[in-house]
Structure formats: structure tokens, C-alpha cells
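This is what each chain is made of:
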Amino acid sequence: MSEAHEHHTNYVKIWAILVALLCVSVIGPMFGIKVVTLLTAFGIAVVKAYMVAKNFMHVNLAPRYVTYLAVTCLVFMLLFFAGSAPDVMKAEGSNWQKPAWLAAKANAAGHGEDVHGH
Amino acid sequence: MSATPIATTRSAAGMPTGRLAVWWVVASEIVIFGGLLGSYIMHRLAHDAWSVQAAHTNTWIGAFNTLVLLTSSLCAVLGHQAAEHGNGAKAARYLLYTALGGLTFLIVKAFEWTHEIHAGFTITSSTFWSFYYTAAGLHALHVLGGVVILLIVAAEARKNVALHRVELIGIYWHFVDIVWIFLFPLLYIAK
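Chains as they are written, first to last, in my numbering: chain A, 6 to 123; chain B, 264 to 454.
Quick caveat, the hints were computed from the structure, so don't treat them as lab data. It cannot be assumed that every hint is accurate.
[As the list claims (entries may be wrong)] Computed list of lysine to any residue pairs in SDA-like fashion (alpha-carbon distance at most 25 Å, straight line):
no.	chain 1	residue 1	chain 2	residue 2
1	A	Lys59	A	Arg69
2	A	Lys59	A	Thr72
3	B	Lys454	A	Leu27
4	A	Lys95	A	Asn112
5	B	Lys372	B	Thr385
6	A	Lys59	B	Ile295
7	A	Lys59	B	Ser389
8	B	Lys372	B	Thr322
9	A	Lys103	B	Ser389
10	B	Lys353	B	Asn423
11	B	Lys454	A	Lys59
12	B	Lys454	A	Gly115
13	A	Lys59	A	Phe36
14	B	Lys454	A	Cys28
15	A	Lys59	B	Gly297
16	A	Lys95	B	Asp311
17	A	Lys95	B	Ser302
18	A	Lys59	B	Thr385
19	B	Lys454	A	Val24
20	B	Lys372	A	Arg69
21	A	Lys110	B	Thr387
[Said to hold, decoys possible] Computed list of chain B residues with no C-beta within reach of chain A, every gap over 10 Å:
no.	residue
22	Gly281
23	Thr334
24	Leu359
25	Leu366
26	Ile370
27	Val371
28	Phe374
29	Ala382
30	Thr397
31	Ala398
32	Gly400
33	Ile415
34	Arg421
35	Ala425
36	His437
[What the hints assert, rightly or not] To give a feel for the contact side, a few chain B residues facing chain A, derived at Cβ under 7 Å:
no.	residue
37	Gly277
38	Pro279
39	Ile293
40	Gly297
Since this is a predicted model, take the numbers as computed values, not measurements. Glycine included, C-beta positions come from ideal geometry on N, C-alpha and C.
So that you can see chain B by itself, here it is in the shape it has in the complex (with noise of 0.2 Å):
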């Protein structure tokens, strides 16, 4: 008897399930992420004076955030094409370059956090602050989800084991990677 669930091999939809399932998480987020923008749009449209709150963040770090987390996805698909060769140990080396670029993301995002905390804009100092550290740290809780996914994806292929899954931890980093190329004009630019 096979120890691998038939789950995990069948392919009726067209796909292996694996992708399938990590699709479905990326259109369950596409929701989520869709509410919570749509939701700050409408106030933004709403209320001119957000432009003053607004004009508080510091666009040269949420760009250099942005060229980190294409840099990252840059990685995590040199990583998928390896692990299409299936160069394991390549893959494992792209995988951990990705969560690198998390950390940096995450640790980046701590620094600019803390400056602001200090400068008084705190989540309950006004609505487009709330609605800032609510988008932002709901994306920094999905990097944080994603580094250590990579990192356990990663210490498999090092193994050249379960390689299929390094596509699988990619297509969510490059939702993950979407969803700040949408937040960074909302947050960082349209002021």
C-alpha cells in the first residue's frame, strides 16, 4: 500500500492538488486583500484631508520594500526553474536568497513601524493610520507565513525532496508580492 495519499496524485481538475489548493488560497485571498483595499479606497475617494496623514509615509522605504519583494519573487522563480531540473540543491539555495528577501521586508517594515510609532501615528490616531497598520500588518503577517514556509520547503529540496512543492510556497510568494505592488501607491504615493 502507498504511504502517499491519492490526494496528493490525482489530477482530475487538470492540476496536481497541490496547486490546486495553493490557487484556491490565492483567490480566497484576493478576497480578503480585495475587501480590506476596496474598503480604504472608498474612505481615501471620501476624505480629502487622508492626503495630509498620508503625506507622513516615507516612500523611499516602501520603494525600497517593493524592489526587495520583486527581488524575492526574482528568486523564488530561478528557484521553480531549478526545481523543474530538479536541481534540489539550487532550488534550496533560491528558496533561502526568497526568505532573506522576507526578513529584510519584515525587519525593513519594523524599522519604518517604530519611527512612525514614535512620531505619534499610532492605529488608533486616526482612521487612515487604522487603515494603514491593518493593510501593512496583515501583508507582514502573510511575508512572516511565507518565510517560514520557505524556509521548510527549502531544508526539503536541499534534500531533493518534495520538489514540486518550491512551485507551490512561489505562486503564494508571488500573490504575496502583488498584493504590496497594489499597496505601495495606496500607502506610499497617493498623497
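For reference, chain A alone in the conformation it holds in the complex (with noise of 0.2 Å):
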């Protein structure tokens, strides 16, 4: 919290709001809809994890190169994954391939299986 702000926020009613957006998050995915259950966990995930940075954290009252900071390591992370997630996520590329992953899949093709389950 900057010294240079005296503010008022109610914590109370932002603990209370978060435990609610919580409840959804939870009650969400029972309904079996795979957008709502996206929707209700991560997309509220996300929510709840602003509203503690900026009202836990006071990251808005933070000098701004803060917020910079934070932001510049998520998009490292993005960047990692981005350039990791084809070499995990696929079983070939342009110029490699992984063997028993291609053949177990058309071994499990027609027992309808996932074949990485482990």
C-alpha cells in the first residue's frame, strides 16, 4: 500500500465476494457443460486472482514498472509454452515423429481409448 494513499476499501465485503465467485467456481462445473465449467472455474480463477492482487496485493497503488514486471514473466511463460506445447501436444511434426505414440493411437483408434493416460 502506497504511503501516499490512504484509501477505505471494505475487505471484508471483497473476502465475501471472492468466497461467493468460490461457490460458483465449484457448483459451475456440475451442470457437465464443458463451456460453463470453463467459464465458472478458470474464467472465475482469473477473476478472483485479479481482485486479490489489486485489492490484497494494492498492486494498482504499486509504481506502475510493477505491474510491468509481473506482466513481462507471464508473457515469458506464454512464450514457453507456446514454443514447448507442440513438441508435447503432438505426436509429429515437419521433421520428427514419436513412434509408439502414432502406433499406439491406431492401436487404440478402434477401441475409442486415449492412449497416453499412463
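Quick one: dock chain against chain with the hints and give me the complex.
What follows is the structure in C-alpha cells.
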């Protein structure tokens, strides 16, 4: 909290909203609808994280470079994901393939199974 | 000559050095947990059968621990507020409540893991469980470390000493809370 900012956030109210959002994130997936699950579980997680960062950590009162620092780290994580995901999520690429995975996929195709559940 | 190192009082970066240091810690933790969660997500998306393993995690226990951490975060920020008003005793009390929340989280986690290990789900059972124990375990270590620091800062705050540290441990604690906010849907809800 910046010394220059005397603020009067109602922290209990913020906590109550966070708990209400938690309830929604637990109840939402019970409907078994994929879009609802994604929105209630992960969409609400983003909202909750934003509320904690803004109202409890007071990121908005810190110098702007703190936000830039955090966002830069997140961008690096996205780059890591984009660079690594194809190797993990695909069975083959331009100059490579995973023979065991391809064989298992072909084998399981008739059984309707996922081959990498180990 | 002052006994206080210059580094603790200067604020060339627009904030006290201690607070800047905590933000640096948080930034490095974003990379640590971001990498771990990113790896989990890409494997989870690639392997539908992980949902079969994830079905064994207990959503209600995860939700309860989320509630515990959210409440402990509330106590941490109320402690910070008390410290800002110079009330060290009140700040210390809130920090103890926060630490109690952390301990509750760890005890629930211990019971949960004991149950899962007895059911045959160990860190070597499958890749899903490896991720589960690694991610939740790394987070639990952060909770444990946070509890120790909370108790140390609370002991000082009770004597109205170094009240600025109440905010610093609060920033760290809220970040630990945020990490769990993302771990909860990934490990307990996405089934």
C-alpha cells in the first residue's frame, strides 16, 4: 500500500465476493457443460486472482513498473508454453515423430481409448 | 553511525527496498509456478485420460482449502491495515490468524494426501499424480515457509517493531493465495 494513498477498501466485502465466486466455481462444473465449466472454473480463477492482486496486494498502488514486471514474467511463460506445447501435444511434426505414440494411437483408434493416460 | 543499513531505507525505485525485494520474489515465483502450471496444462490437454485420474481428487477438500486461504488473505490485509495505523498488537493478532489459516491448510493437505496415498495414488502412480504432488507440494512448501515468516513478523509486530514487514509478508501471502486459486480448478475441478 502506498504511503501516499490512504484508502478505505472494505476488505470483508471483497472477501465475501471472493467466497461467492468460489461457490460459483464449484457449482458451475456440476452442470457438466464444457463451456460453463471453463468459464466458472478458469474464468472465475482469473477474476479472483485479479481481485486479490488489486485489493489485497494493492498492485494498483505500487509503481507501474511492478505491473510491467509481473506481466513480463507472464509473457515469458506464454512464450515457454507456445514453444514447448507442440512437442508435448503433437504426435508428429515437420521433421520428427513419436513412433510409440503413433502406434498406440492407431491401435487404440478402434477401441475409442486415449493412449497416453498412463 | 546508524545501525540501519542504507539499503533498507533508500527508495530510489519509488518504494522501500524491502517491498521492492518482495515484488522481485513474486516475479520469480510467477516464472516458477507459471512454468509448472504451463507444463501441466499442455500435458493435460494432450491426454484426455488424465481426467480419469483427476476424478479421484476431492473437490470439496480443495474448495475448503481455497476458503481457508482466502480467509487467511483477508486476515493478512487486515493486519496490514492495523500496522498502517501503528497498532502493532492488532497487526500481530491478525498475522497469527493468518498463520493459523496456513497451518489449517497444511493439516487438511496432510489428511488428503494420506488418504490418496493409502488409496494407491502416489507420486509414481502416473504422470498426472506426479504433477499433482509436485505442484501441490511446492505450493505447500511455500505455505509452510510463509507460516514461519508470519510468526516471526507477528512476534516483532507485537512489540511495535518493524511494522513495515507486516505488509511485506502480506504481499507474499496473497501471492501464495493466487497460486492456489489457479491450482484449485486445474487439479480439483477439471475432470
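**Request:** Please flag the earlier hints that this structure goes against, numbers listed from lowest up.
**Result:** Those not satisfied are hints 7, 11, 13, 18, 20, 23, 36 and 38.
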